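For the protein sequence lines, the chains are A and B, in the order given. Residue numbers for the first sequence follow my numbering, beginning at 255 and rising by one. Residue numbers for the second sequence follow my numbering, beginning at -13 and rising by one.
Just so you know, the hints here were simulated from the structure itself, not pulled from any lab data. In this text, all values refer to a predicted model and were calculated from it rather than measured experimentally. Errors might be hidden in some of the hints.
Stated by the list, open to error - Cβ-Cβ distance ranges computed for the label pairs, FRET-style:
| id | chain 1 | residue 1 | chain 2 | residue 2 | range |
| --- | --- | --- | --- | --- | --- |
| 1 | A | M431 | B | Y(-8) | 31 to 41 angstroms |
| 2 | B | L(-5) | A | G349 | 45 to 55 angstroms |
| 3 | B | S141 | A | E316 | 36 to 46 angstroms |
| 4 | A | P441 | B | S141 | 19 to 29 angstroms |
| 5 | A | P441 | B | D(-11) | 43 to 53 angstroms |
Claimed, not checked - Among chain A residues calculated to face chain B with C-beta under 8 angstroms, some are:
| id | residue |
| --- | --- |
| 6 | L273 |
| 7 | T331 |
| 8 | A356 |
| 9 | L362 |
| 10 | L426 |
| 11 | I427 |
| 12 | G430 |
Heads up, the beta-carbon is just placed ideally off N, CA and C, and yes, glycines get one too.
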Amino acid sequence: MELFSSEFWQQSRIYLLLLALAPALGGATNFSNALYLGLITLVVTMAAGLVNVALKGIIEKEARVPFTVIVTITLLTMYQFYLMIFNASLLDELGIFIPLAALNVLVLRQTVLFEVEDVSHEFRKSVWLGVQFLFLLAFLGGLREMLATGSIMGTDMLARNLSFFGEPGGMLIILGMLFALVKAVAPELQQDREKGVK
Amino acid sequence: MLDLLYLLLGGVLWNNIILTQLLGLSPFLVERKSSMEYVWGMGKMTTALMTASAFVTFLIYDVILEPLALEFLENIILILIVFLLVILFQQYKKGEAREKRWHFYLPDVFMNTAVFGILLLNMTEWETVIEAIVGAAGFGLGFAVLLVIIEAINSRVDKLPLPEWLRGIPIQLITLGILALAVSGFSGI
Chain A
255 MELFSSEFWQ
265 QSRIYLLLLA
275 LAPALGGATN
285 FSNALYLGLI
295 TLVVTMAAGL
305 VNVALKGIIE
315 KEARVPFTVI
325 VTITLLTMYQ
335 FYLMIFNASL
345 LDELGIFIPL
355 AALNVLVLRQ
365 TVLFEVEDVS
375 HEFRKSVWLG
385 VQFLFLLAFL
395 GGLREMLATG
405 SIMGTDMLAR
415 NLSFFGEPGG
425 MLIILGMLFA
435 LVKAVAPELQ
445 QDREKGVK
Chain B
-13 MLDLLYLLLG
-3 GVLWNNIILT
7 QLLGLSPFLV
17 ERKSSMEYVW
27 GMGKMTTALM
37 TASAFVTFLI
47 YDVILEPLAL
57 EFLENIILIL
67 IVFLLVILFQ
77 QYKKGEAREK
87 RWHFYLPDVF
97 MNTAVFGILL
107 LNMTEWETVI
117 EAIVGAAGFG
127 LGFAVLLVII
137 EAINSRVDKL
147 PLPEWLRGIP
157 IQLITLGILA
167 LAVSGFSGI
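Whole structure, please, built from the sequences with the hints as guidance.
Structure representation (structure tokens):
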């Protein structure tokens, strides 16, 4: 029942953040949606971590992945019901990306809490990754909104807009360009990969 | 019959889950040494998992959840079924000599949001079991075909005189973006 080998979690920060983008990128159509998705991911990451720490001795090691996923998806379903009553328009916009946050690599990473001795260190690292992820996603969403509509949350930023960037293909190109820029400016980030997060 | 063909082809082309919904991007966002054999193996496994999970979840949704008005459990049940099927696949492949490589796919396949995503998106759209199976197989094939296309393009791009900062993930994502643009042309059909 070993789904994630322990080496899997030794990957670098950049690797984990990029993987974490996978379930959220489609929903990050504008700044506020991206911010919401990032916040939801951060909150469920923290909640899954706290539950995992609290039940560390009780849950068997083999069940740690399904346990974490079920705790997270239950929270997300409850949040969906909350939105259904109080903010239906947001639920329409985020749609399936709310339950998909349960498969986020940052949430699944909380399963390491069952294995390590130094729980608080691991937990702080996960929360820090979640905060970085929130900023990254909000930045990407804001950039996409700015290029596609020429404004962010109603404030005009550009003289003309390129509606192509509102399409999924535009998002992929933005991300590719941004990653190329990061690689050009800071090539040492690639070496971070061999060292791992620890 | 024509409807089913439309459903199958739609999953591969104009409804391609990666290029239209940006789901299941995880294999394209990480840099690793891959080969055509690896990519094709992963595509086949994902297609099999999607088809199997669509079949099982459709039956459970139709026979248990809907008659008992338990639709609110949908998310939890769907994700559990996907997880159980991944574990089953792992057990099934355990005896084979290629176990180690197969093992390597599993985190990728489980974290692949496309598997869970198509179930969430289409559980109420599909009307019969056959539709669910064909539709899911179409989405899976679309994923596999895209993996193979990107791998083939990558092997050629590697030989081009590109600057170092554009190699790897950046050029892969830009290629994917251009492909998404090309595929959006099909949606008019």
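Failing hints, ascending? 2
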